[in-house]
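Residue numbers (this note's numbering), protein chains in the order written: chain A, 50 to 199; chain B, 50 to 199; chain C, 50 to 199; chain D, 50 to 199.
By construction, these hints were calculated from the structure, which means they are not laboratory data.
Errors might be hidden in some of the hints.
Since copy identity is lost for identical chains, a pair holds within one copy or between any two.
What the hints assert, rightly or not - Using 20 Å as the maximum straight-line C-alpha spacing, the simulated EDC-like pairs for lysine to aspartate or glutamate come out as follows:
(1) 158 to 84
(2) 158 to 197
(3) 158 to 96
(4) 158 to 91
(5) 158 to 97
(6) 158 to 178
(7) 158 to 177
Number of protein chains: 4
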Amino acid sequence: MSFQPRNPDFEARVRASFARQRAMGLIGARMTRVEPGHVDIELATRDDLGQQHGFVHGGVVGMIADSAGGYAAFTLMPADASVLTVEYKVNMLAPAQGELLIARGEVLKPGRSLTVVRADVWARSGGEDTRVAAMQQTLMVMHGMPDERI
Amino acid sequence: MSFQPRNPDFEARVRASFARQRAMGLIGARMTRVEPGHVDIELATRDDLGQQHGFVHGGVVGMIADSAGGYAAFTLMPADASVLTVEYKVNMLAPAQGELLIARGEVLKPGRSLTVVRADVWARSGGEDTRVAAMQQTLMVMHGMPDERI
Amino acid sequence: MSFQPRNPDFEARVRASFARQRAMGLIGARMTRVEPGHVDIELATRDDLGQQHGFVHGGVVGMIADSAGGYAAFTLMPADASVLTVEYKVNMLAPAQGELLIARGEVLKPGRSLTVVRADVWARSGGEDTRVAAMQQTLMVMHGMPDERI
Amino acid sequence: MSFQPRNPDFEARVRASFARQRAMGLIGARMTRVEPGHVDIELATRDDLGQQHGFVHGGVVGMIADSAGGYAAFTLMPADASVLTVEYKVNMLAPAQGELLIARGEVLKPGRSLTVVRADVWARSGGEDTRVAAMQQTLMVMHGMPDERI
């Protein structure tokens, strides 16, 4: 789908907000693609992100899906607003293993107060991508609360 | 609700599995209560767990809820099984702030192949607890795959 | 939990709104308990509500859970507002069979714009109740849109 | 995505099973498209399917999404299996109004024991289609329990 951003500076704003998410720094996540209604977040797998069997922890997979989805929604919000996760639901489809995880967030329905997003997480292993998680998420537009000033 | 564990060593087994979840170590989460069908996980808040406004990242809140729920399910599984998260859905109810987060997982319906769990996350601030997230989760019993050997 | 309704006439209002839900009439659902933050809806099982194996259709179970949860939220809303379902997630725990289904909606967190609710559905068979579904739901408060005038 | 059905008679089988869902008959739903991994269900809107504001009840929207998703999963299951809904999560995106609702179920990840599906519901009004709901769902394969004999 193609969306028209309401804030021409959306990309700089999204990247600046992501840079303030220290939890993303802790796990080593990087924001790559930022387009109207679409955001990708990549995460190089590391041993200290694992669950009991050595795959990436499902909660970490949920974290990057949550951020990719939230920022996909944020690309379409006006300059005086910030974004809040209302809820998300994520299905784990396959073990999260390989060299790299890529969370791709995509807006399904932007709205004045609520935005609905889907985000899938892919694992790259030996150049091949496997979908390892599928998320559906609801975000709230917080009008009059610019992200930078909260 | 009161449950009868099928593995008398459930507590040692749950704690040993949790200790192998390196992602829990990365964020500093500790397993406190382990009872049949119930597990609590605590997380001292830290700046490097934050989202863009300084509250604990929703994905981190989801991580400890996922682990508390998954291990609550695991307390009731037989010795030759391991546990797998099928999916979870989490609502964020209030900003995750304060000194400590406590995720309380509780089995709603144990089953031969699937177990359904609810987990709530509470934030403790100045001695007062506020519910900050509510999760509902589906777990799979992986028979014939003891957790220690995968 | 105990809640304080903002509209003293909440019960009459909730029952009147439910009476306008013709889909509830079609399946034969009745609203029984209405208290601040709590609503019960009962459904006598019938052959024409079945799925392919003769149990009550999961979608019908979801319908009464959705209505019980939505009206539990509505009990706490001001007189000039109406309620809208944002989303719900429901786990099916056991086949919906027996004489009667009872959906019990209970508010978890009321809010100015969003309310989060849990609703469980129980099946009564020979005087015994079994939990057959567990739902978690998000509702929106539509301020300035009284339910009666939309 | 393109899928290979394991039962060459999948279409006849899916249509026969749907014909046994009496709840679908009650609301007037019809199964239209049946392809490997894809099923469409259509519902002509009627006054007796309404909620309090005259739109189609969210629970009815959930019902056809649940059936479309469940049967999309069932197209890929072996002949000796039946399908069971584990859980679904549905976001309401817009009021369900117009002449016709179309629920389109599509398999995301088929599996030996679990299948994950997405289903969207569209409302047709004056020849134009609007997405009114988005669902994500988990189904269980019940091996050794042919749908016809349960």
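Going through the hints against the structure:
1. 158 to 84: Within one copy only: 15 Å inside, 27 Å across.
2. 158 to 197: neither (25 Å within a copy, 28 Å between copies)
3. 158 to 96: Neither: 36 Å inside a chain and 27 Å across chains, both beyond 20 Å.
4. 158 to 91: Neither way: residue 158 and residue 91 sit 24 Å apart in one copy and 22 Å across, limit 20 Å.
5. 158 to 97: neither (36 Å within a copy, 28 Å between copies)
6. 158 to 178: The answer is between: 14 Å across copies meets 20 Å, while 26 Å in one copy does not.
7. 158 to 177: Classified as between: cross-chain Cα gap 17 Å, same-chain 30 Å, threshold 20 Å.
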